[in-house]
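2 protein chains.
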Amino acid sequence: MPSGYKVAVAGVTGVVGTEMVKILGERDFPVKELVPLASQRSMDKSIEFKGDSIPVQVLNEHSFKGVDIGFFFAGEAMSREFIPIAVRNGCVVIDNTSAFRMEGDVPLVVPEVNSHRIKEHKGIIANPSCSTIQMVVVLNPIHKQARIRRIVVSTYQAVSGTGIKAMDELTEQVRDLFNFREPKISVYPHQIAFNAIPHIDEFVENAYTAEEMKIADETRKILEDDSIRICATTVRVPVFYGHSEAVNIETEKRLSPDEVRKILMDAPGVIVEDDPLHNKYPLAIYAAGKDECFVGRIREDISVDNGIAMWIVSDNIRKGAALNAVQIAELL
Amino acid sequence: MPSGYKVAVAGVTGVVGTEMVKILGERDFPVKELVPLASQRSMDKSIEFKGDSIPVQVLNEHSFKGVDIGFFFAGEAMSREFIPIAVRNGCVVIDNTSAFRMEGDVPLVVPEVNSHRIKEHKGIIANPSCSTIQMVVVLNPIHKQARIRRIVVSTYQAVSGTGIKAMDELTEQVRDLFNFREPKISVYPHQIAFNAIPHIDEFVENAYTAEEMKIADETRKILEDDSIRICATTVRVPVFYGHSEAVNIETEKRLSPDEVRKILMDAPGVIVEDDPLHNKYPLAIYAAGKDECFVGRIREDISVDNGIAMWIVSDNIRKGAALNAVQIAELL
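Chains A and B, in that order, are what the protein sequence lines are.
Quick note on the numbering used here: the first sequence kicks off at 1 and runs consecutively.
Quick note on the numbering used here: the second sequence kicks off at 1001 and runs consecutively.
Please keep in mind that the hints were generated in silico from the structure rather than gathered at the bench.
Where hints are given, some of them may not hold.
[Stated by the list, open to error] List of simulated lysine to aspartate or glutamate pairs, DMTMM-like, C-alpha gap at most 20 Å:
hint: 1; chain 1: A; residue 1: Lys-280; chain 2: B; residue 2: Glu-1202
hint: 2; chain 1: B; residue 1: Lys-1280; chain 2: A; residue 2: Asp-44
hint: 3; chain 1: B; residue 1: Lys-1280; chain 2: A; residue 2: Glu-205
hint: 4; chain 1: B; residue 1: Lys-1165; chain 2: B; residue 2: Glu-1076
Because the structure is a prediction, the values reported are computed rather than measured.
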């Protein structure tokens, strides 16, 4: 019998769950037994892991007997229902949903930024939202050097962040439009093909979306600085993989663009791609499938003193979700 | 012989030129004679205007004899070469390129904002860039009430802004990708299909693009306030028609989102679409073909005192170029 951990993946048939299983294999995570979990409607499916085909099991209250580590990618409702059961079974859970992220005793972890928080867990460690992860990986080393006071971020988010159905919807809408048929709208409130929709997640009472407030709240929690003021506008664009972000920061201490580049070149998990005269800057299509966060277009924000503008891109499914979760588990 | 003006349109076969001829007809502009001008390679083409088919003529130094009004949509080099000739022929030119926009004696006009400048012209009136026009139409009434001190804008710009070849390139790249062929790249430095490219126009010495600096410089000139500080990030997205902009402003006088909505509901050329709980906000696909600038997602910028965030969308070919030029001519 192989040594290692019994690992459950809830939501294993989704975009992130599928990538998760791939990454567990790629990184040779010490898996003794893999328990692929999903809802009833995926019961005819199997997943491939290290040459084996493992039938998907239904996620229920009996799923976590003897499970050491549980990854949750099955949506907030499933997390709320089954994570407490998993924890009672002695399982350590890494949750990708927003269900427990802002709770005081749940570490919200991006390994490059705050791995020291992992050991404080009481059974649950939360994975931040994809748009937060890539931004804090880049901003944390700047914050440590110059103290960030304010962040304005506008996002260009890929449809894979919503799931397989959204990717299919973009594909189908493009096909319909190219064949002079009326595109069908179901996952998003409006046509996403050849459009930009400033609406991700539900609207909350201050006219922001939940996604915009998550970026603000999670960033403050991860950077451990409640005084940073953050305004996000989150926008869905017709891109399959890779979130892009236009980020303007203001710092207490002035940093030149060269100083920022130097700090980021030494930063873990960051690749500086910043040679605009040779058309080099981060792009969603190139970040797709990569593990790092890419940053470029680093320049003085000419509208404010002590300001820096930049462009941050990462694979929202890998670093934005599955990879970050595996990195947390590796550190456990 | 009909009364009216002899009107030349240089660059008549391009995206904006085509729309221009359509708008001259739609708005019943008093055209006595239309002179469609283009380069040698369009010489086999004709344009349709009010039921007539008019052969395209080659743009040269003899094109402007007796021409009252000349619209230039043929690129900066053509503007630099032929506008001085047109002006010497007594023609009043409305130029859509950036060739003369920042010159002191050339009014840079958005009729809703600064039509009073038109009469100061010395033969040339400049049409601002598309991304500037839609922003100043919305920001001018706010600036008048509360004095804008700073603007941070990130754009989501349509490929039609680049021209017909760029629209064809997006179409072909999508077809290639859906047929498992390598997409061809020629107009843009990178694949635009399913991507977001933070690079519009050339890079200039401060690591901004010319497009980003145009937004800053033109906005200050049109709003007649050199003290407004502006930082733009301009991004091309796979959208055919309609530029979208995430705009964060800071004002001297505090305005609530409700006050901003009220100001904008009375503003010329502006339509407020701001009911997020019913999924109502401006969208590129709905703005296409419309004359107005649409604004929504109006909310407090929670990262600063006296800040407002909003989402501005307009048809970059109509209000962003052709329509604005016709509106200027109507006021002449």
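Hint check:
1. A:Lys-280 to B:Glu-1202: With a Cα-Cα distance of about 13 Å, the restraint between Lys-280 (chain A) and Glu-1202 (chain B) holds, given a limit of 20 Å.
2. B:Lys-1280 to A:Asp-44: Since the Cα atoms of Lys-1280 (chain B) and Asp-44 (chain A) sit roughly 40 Å apart, the hinted pair is violated (cutoff 20 Å).
3. B:Lys-1280 to A:Glu-205: holds (15 Å)
4. B:Lys-1165 to B:Glu-1076: It holds: about 17 Å lies between the C-alpha atoms, which stays within 20 Å.
Against the hints set out earlier in the document, a violation occurs for number 2 only.
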